[in-house]
Amino acid sequence: MAKLFGPRVLILIFFLFISLLMIDPSPLASGVEIKQIDSISPALEVGMVTGEKIVEINGVKIKDLTDYKTEIEKLEPQPKEIILETSNGIISYEVTSSIGFSVDSNLTIIATEDFVDIQPNSKLISINGEQVESPENFNKLKATLIPKNKVVIKTDKEEYAFLSSGNTGISVQAAKTSNIEKGLELQGGTRVLLEPQSEEEISSSDITNIIDVMNKRLNVYGLADIKIRPAKDLDGQNFILIEIAGATREEVRDLISKQGVFEAKIGEDVVFEGGKRDVPYVCRDDGSCAIIESCSTIGPEQAACNFRFSISLSSEAAKRHADITGKLEVNQSANGDYLEKPLDLYLDGKLVDTLLISSDLQGQEATQISISGPGYGTTEDLAYLDAVSNMNNLQTILITGSLPLKLEIVKMDTISPAMGKEFIKNAFSAGALAILVVGLVIFLRYRKLKVVLPMIITSVSEVIIILGFAALARWNLDLAAIAGIIAAVGTGIDDQIIITDEVLKKREFSLNWKEKIKRAFFIIFSAYVTTVVAMFPLMFAGAGLIKGFALTTIAGVTIGVFITRPAFAAMIEKLLK
Amino acid sequence: MSHQIMSLKLKTLFEKNQKKMMILPILMIVVSFIFLITTYTQTGDLIDKDVSLSGGMTLTLYTEQTIDQVKLENSLKQDFSEISIRKLSEFGTNKEIGVVIETPEINEESIKLRITEATGIILTEENLSIEVVGSSLGDSFYSQMMKALIFAFIFMSLTILITFRKIVPSLAVVIVALGDLTITLSILNLMGMKLSSAGIAALLLLVGYSIDTDVLLTTRVLKNREGTIWEGVLSSMKTGLTMTITTISALGAAYLVSTSLVLKQMFAIIIIGLLIDVILTYMLNAPMLSLYAKKEGGK
Numbered sequence: 001m002a003k004l005f006g007p008r009v010l011i012l013i014f015f016l017f018i019s020l021l022m023i024d025p026s027p028l029a030s031g032v033e034i035k036q037i038d039s040i041s042p043a044l045e046v047g048m049v050t051g052e053k054i055v056e057i058n059g060v061k062i063k064d065l066t067d068y069k070t071e072i073e074k075l076e077p078q079p080k081e082i083i084l085e086t087s088n089g090i091i092s093y094e095v096t097s098s099i100g101f102s103v104d105s106n107l108t109i110i111a112t113e114d115f116v117d118i119q120p121n122s123k124l125i126s127i128n129g130e131q132v133e134s135p136e137n138f139n140k141l142k143a144t145l146i147p148k149n150k151v152v153i154k155t156d157k158e159e160y161a162f163l164s165s166g167n168t169g170i171s172v173q174a175a176k177t178s179n180i181e182k183g184l185e186l187q188g189g190t191r192v193l194l195e196p197q198s199e200e201e202i203s204s205s206d207i208t209n210i211i212d213v214m215n216k217r218l219n220v221y222g223l224a225d226i227k228i229r230p231a232k233d234l235d236g237q238n239f240i241l242i243e244i245a246g247a248t249r250e251e252v253r254d255l256i257s258k259q260g261v262f263e264a265k266i267g268e269d270v271v272f273e274g275g276k277r278d279v280p281y282v283c284r285d286d287g288s289c290a291i292i293e294s295c296s297t298i299g300p301e302q303a304a305c306n307f308r309f310s311i312s313l314s315s316e317a318a319k320r321h322a323d324i325t326g327k328l329e330v331n332q333s334a335n336g337d338y339l340e341k342p343l344d345l346y347l348d349g350k351l352v353d354t355l356l357i358s359s360d361l362q363g364q365e366a367t368q369i370s371i372s373g374p375g376y377g378t379t380e381d382l383a384y385l386d387a388v389s390n391m392n393n394l395q396t397i398l399i400t401g402s403l404p405l406k407l408e409i410v411k412m413d414t415i416s417p418a419m420g421k422e423f424i425k426n427a428f429s430a431g432a433l434a435i436l437v438v439g440l441v442i443f444l445r446y447r448k449l450k451v452v453l454p455m456i457i458t459s460v461s462e463v464i465i466i467l468g469f470a471a472l473a474r475w476n477l478d479l480a481a482i483a484g485i486i487a488a489v490g491t492g493i494d495d496q497i498i499i500t501d502e503v504l505k506k507r508e509f510s511l512n513w514k515e516k517i518k519r520a521f522f523i524i525f526s527a528y529v530t531t532v533v534a535m536f537p538l539m540f541a542g543a544g545l546i547k548g549f550a551l552t553t554i555a556g557v558t559i560g561v562f563i564t565r566p567a568f569a570a571m572i573e574k575l576l577k
Numbered sequence: 578m579s580h581q582i583m584s585l586k587l588k589t590l591f592e593k594n595q596k597k598m599m600i601l602p603i604l605m606i607v608v609s610f611i612f613l614i615t616t617y618t619q620t621g622d623l624i625d626k627d628v629s630l631s632g633g634m635t636l637t638l639y640t641e642q643t644i645d646q647v648k649l650e651n652s653l654k655q656d657f658s659e660i661s662i663r664k665l666s667e668f669g670t671n672k673e674i675g676v677v678i679e680t681p682e683i684n685e686e687s688i689k690l691r692i693t694e695a696t697g698i699i700l701t702e703e704n705l706s707i708e709v710v711g712s713s714l715g716d717s718f719y720s721q722m723m724k725a726l727i728f729a730f731i732f733m734s735l736t737i738l739i740t741f742r743k744i745v746p747s748l749a750v751v752i753v754a755l756g757d758l759t760i761t762l763s764i765l766n767l768m769g770m771k772l773s774s775a776g777i778a779a780l781l782l783l784v785g786y787s788i789d790t791d792v793l794l795t796t797r798v799l800k801n802r803e804g805t806i807w808e809g810v811l812s813s814m815k816t817g818l819t820m821t822i823t824t825i826s827a828l829g830a831a832y833l834v835s836t837s838l839v840l841k842q843m844f845a846i847i848i849i850g851l852l853i854d855v856i857l858t859y860m861l862n863a864p865m866l867s868l869y870a871k872k873e874g875g876k
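Just so you know, the protein sequences line up as chains A and B, in that order. Residue numbers 1 to 577, in my numbering, belong to the letters of the first sequence in order. Residue numbers 578 to 876, in my numbering, belong to the letters of the second sequence in order.
Keep in mind that the hints are not guaranteed to be accurate.
Far from chain B, some chain A residues (derived; all Cβ distances over 12 Å) [said to hold, decoys possible]:
#1 Leu21
#2 Pro230
#3 Glu316
#4 Glu573
#5 Leu575
To give a feel for the contact side, a few chain B residues facing chain A, derived at Cβ under 7 Å [unchecked claim]:
#6 Leu714
#7 Phe728
#8 Thr796
#9 Ser835
Read the hints as simulated data drawn from the structure, not as lab findings. Since we're looking at a predicted model, the values are computed, not measured. Where a beta carbon is used, it is the ideal one built from N, C-alpha and C, also for glycine.
Next up, chain B with everything else stripped away, as it sits in the complex (with noise of 0.2 Å):
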């Protein structure tokens, strides 16, 4: 019974609220859109890119010794104005097994004597991976990975267009994918986080996933609608729910696992987004469509 009460209430909260509860997502949007214009006209640049974008180098040390890393960093410092330190540790054992360093500064010779100097450790093929990008092709990187992401957003546009052939549900589609794109990132400014290339490639198969619960939506609510526009709502949110809890579980996990940063960098990403995302697919979207829907005369 009270499961029966539970839905009663989420319809009549569904239907009496549903102008007032696209204010949250509406703003959000709004407010990131205004972040991500004030970051731009400050730096330069929608994101914090990392070397693979900007060009530099990243070690990746791999020792079971324990690494000082306030004395390493001090020891890098004399050569490289900018340095940022990880270590890497083993999931489960929470075994140290190396250190990454990462610089904007293109000088394999030095920091490599500075790192032997540091740690004590002699460097050879086997424990230290090195990947050097130069400055020209980050910045080619980028502005490749931008434009592909451009490119992909108005495919995807298009082939909603074409998918379900209405003006409003087709926008509501693509408001919520660019909503989640431009919150996403301004969460990964907000953190910090600085974007690789394989970021950018995840935040494109954000844009897909987001896309797929919207899909599912517009189709549950006006294509094969069974029963009311609520009943259309709640049965694609039990499933969008469900396609959402799995994605971020098993994310989640591959996330504590992997030792790959590039992979941890893209699984945070997913997850972040699939959050935004269950807020502007249900709050804004799922609205949109409600009243689109009644408009054109359904119950």
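Bound conformation, chain A alone (with noise of 0.2 Å):
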């Protein structure tokens, strides 16, 4: 082999295991993979993992993403119509697989779901007639609601069963075809440019910060497939460039457009809101300030713990709060005396929890206060990381509040899946008509197929190592990146076709094959040098999403004049004297 190709080929053929190695085609694939499991979730539990191949669900064959959701709607159980009585008026409304709300220790229903429209501070009475007494109660009569059904999910690993109500906790999507990542124009979704408005100056650390909070809330809504990155320009205006695949334009806008905003209020006055000028200091990762507590079995398969943790407040919201309270009633329970509003926590205006206020602290400028919520699970160990999550989420929405910079979007597309399946067959078709005549137009010019055949080659292991690298670089593949390819492999033939020119030549005197090859590297490195300078100030131009091209162009050139095209006049050099 060395012989017949001498150490340059066999570089080319190195680089092109390698790089199919990286992209890991199975073009065969089909089925369903598990891409996602939540962390509270019956399939967890049962110790499903991500990547497992699902094969049957309740002994059905699920061959593609259609079998999967027919069966999963199947699992759902029929909508139930459940009727509320609470001291805000009766409701009534249908249930699936979820109640929609959760009470708290007095039975006052917070975390409301949208589809429930219940009055903040109403409290339970009773479920479809039946009185609710504790909490205890409620999570019982709740079981009863919500019936689970036995699931059987076979994957290519194991056989899984577990009881479910519906919602499995799992995403999925389709298998996957190779380890490219596929972009925007590919595979279809949202894109979102953001750009940060502050009068003040916006320091990296501040798009970091931003970037880490942005995740974090998407998370918290349960969105996987996200992509959030920085981007700069050549004038230094930051942006945030968040690719979503999977989500509705709708969604994506509503999900930046909530900031998060957090309110505190006693009856209709806010008395502090989120972020760092009504609460200086929020105590988190610190177990003296920030604990789970009491946790506890409520009932079969129903588990609960709390969270608490302190904050402090600026002095003016104490002062709010000293005002405010101060005109307050007293009540006086068993359980000690509390004032006769409670402090109800608001998150993008939806209640989430309501803390009541003891006597002592009626008009005071407490600076101090101490928020607590629960966290469920069907184990006290599962109700713990609910907890935990739950209070990392308000901590979160606590720090940052308002964001401390304004987003604006100023620019969104949404592309249709079905016409990033499409584009990719019409890039398939695009490219194989361009080497067609590519190889048709250098056959008419050396009638020689000993050239035709060693560009061809030349040129699609160049694309293929291209790709190869994106995959190993976890490279967006998108559409900047493809005309990028184009551009790449485009200087490549240039380039061979110089290199077979000057092998060709003829010479009153004779070159050497070396002194030949060297000429024609010659051209090919001052033109792969002015390639490279061209494309640089592209990569900071145009808020990145340009950089695709710049980036795949000059990755695509450097490939080329160090691996393919050596490689392709060492084939020329072999056939050809």
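Fit chain to chain and form the complex, with the hints in mind.
This is the structure we're talking about:
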């Protein structure tokens, strides 16, 4: 082999091999694989792992996403009407997999979902005519309202069985056909470019913070497959680029426009809001002031934990607290004396928790406040995890409250997933045709298959190695990157023509092969450097949207100049000598 | 034999008329400069920008249903003063696969309503792609791309100067590249093409391709010349034209097949630019180099 081709061709073969390994193409891959498992879900409890391929659900073979959807929908219980009697009246609605709210220790309805239209501060009295006397009682009733079905999921690794009330906590995706990360134009989804607005200069740590918060927030809402990255342009203007696959435009806009406004109210009066102005300090990661406590089993497959952490209020917020509480009456009860109105915590206008205010805080400029809330799960361990995650969310929101910077949506693109598939098909046929045409033109010029074949082999190898590199670097392959591949392969063909001509040139004096190739590579190298310096400024222009083009072009021509074109020279040398 | 006569004829044509043949490319460059300056003073911009550079919405509706373009346009005109509609069709079958609607005004809700009203198609995430660019971003995008273009140009000129270490030949390369750019821009303007950010990236690629053929020419005529100046020009022309023809044919084929308007525009710009580059490289740079080489004591 080495004798036949020489080291340069062997290097090419080596890189081709590595690239194929990186891309790991499995064009025949079919079925559905687990992309993500919720942290609190029956699927996680039984030990399912991401990446496993789902083969069967309840005995039915799963071949694609449609099969999966049909089977999962069968698991969902029939919608049931329930009638809630609350201190603020009676409401009724349909429940399927979730009752849509939860209660605190005083049976005040909290953490309501959008489909439950309950006034804040309502106390739960009965469900479907059955009196609710305690939170334990509520949990028992809840379990009877939402029946659980047995689910048997067979994966390529194991068989799992668990009880579920519709939501298994698994998100799936079609089995991957390669390791290449498909960008927006290839798989569909929504891309948002955000511009932080601020009077003051924005530091890169500000941006890192925002991205951190956004990552947490977007994850809070259970969206998988989100890419958030910072971007800059030549003027030093900062941007944040978000790409989300599989979410609708409205959903994404909603998520971003939700600033995570946290408000603590007594009645209609705001005591404090999330963020540094009102809450200068939030205890976090400190066991002395942020704890999970009183975990207990409250029913069959029902456990609850409580979290508690302290925050400091600014003096202004503390004064508001004193003014508002000063006017309230005191209710006396066996559990202690509390003010007549509780402190209600709202997140984006939704009531998340209600805290009773002890009577000794009345009229006080309290600067230390303890925030608490529950976490639920089927076991105490899971309830503990839930409480930790709830606490984290609340802390994040209290710390970042109103984001220090306003984010403006400056660009928002949604590409339909159907078009993504169409785009890939189109790119393949356009690419194949272009290569065919190149082969034809080259044949017409040189009349030698010995030139045409190595050229086609080299160009195709170039594409494969670029893709391998993209898979290795986890690059998003989007429209810009594809344009970059075209540019790189285009210059590649030019360079191969230069090599061929230099080698075939009729000369009055004979040059040795080394000299011929050297001459060709002088031109190729100058052209290479000019291309790289031309692409360099583009990497920093255009808020990161053009970066993919510049990067892919630079990577492509570099691979070309150092790997594929020397191999081409070696092949031509061997074949034409 | 005829081949030899041809090449002899070409040779005398080239050597006798070196100065005369430079008139056409110089004229083209001068005219395009004047044209661009006039455009700039009249419109405040060198190019006609599309929504990706000026702000606005692009909606792509995919449907197998035939769309009454006039009816759609009339319906959209009620809310949007400026609107452009293009049909998308599949290569080969010419089957209509949808429409692309562009407008500089941003109002997603009302345009969706109007489209449904005019076509009866219910818009979903599956059949509609929407791209919205805020006008401030469009402006900054444009100035960014222009800056990148200028920087790239300066960097490339420096690279050429370092490579050849001679002022006149390097200057010739830069003049040709600049000429390619201004003439291509003028043609795009005359065609009424609205440039996208990808289009500007294509201009950059074009400059890259243009410099490639000039580097080839300069190397063969000045640095590694084998034989006479004319032989150097001829051999680089053979190689350079093969390169250009291959690129144009490949991009032409891809242009016909591609359904992506962004890629289509990039291809079109490079094809036009490469055609211009053939004229400038061999009718301007070649005679310039040849005269320069003679002065330096060549044959």
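Hint by hint, work out which the structure violates, then give me just those numbers in ascending order.
none
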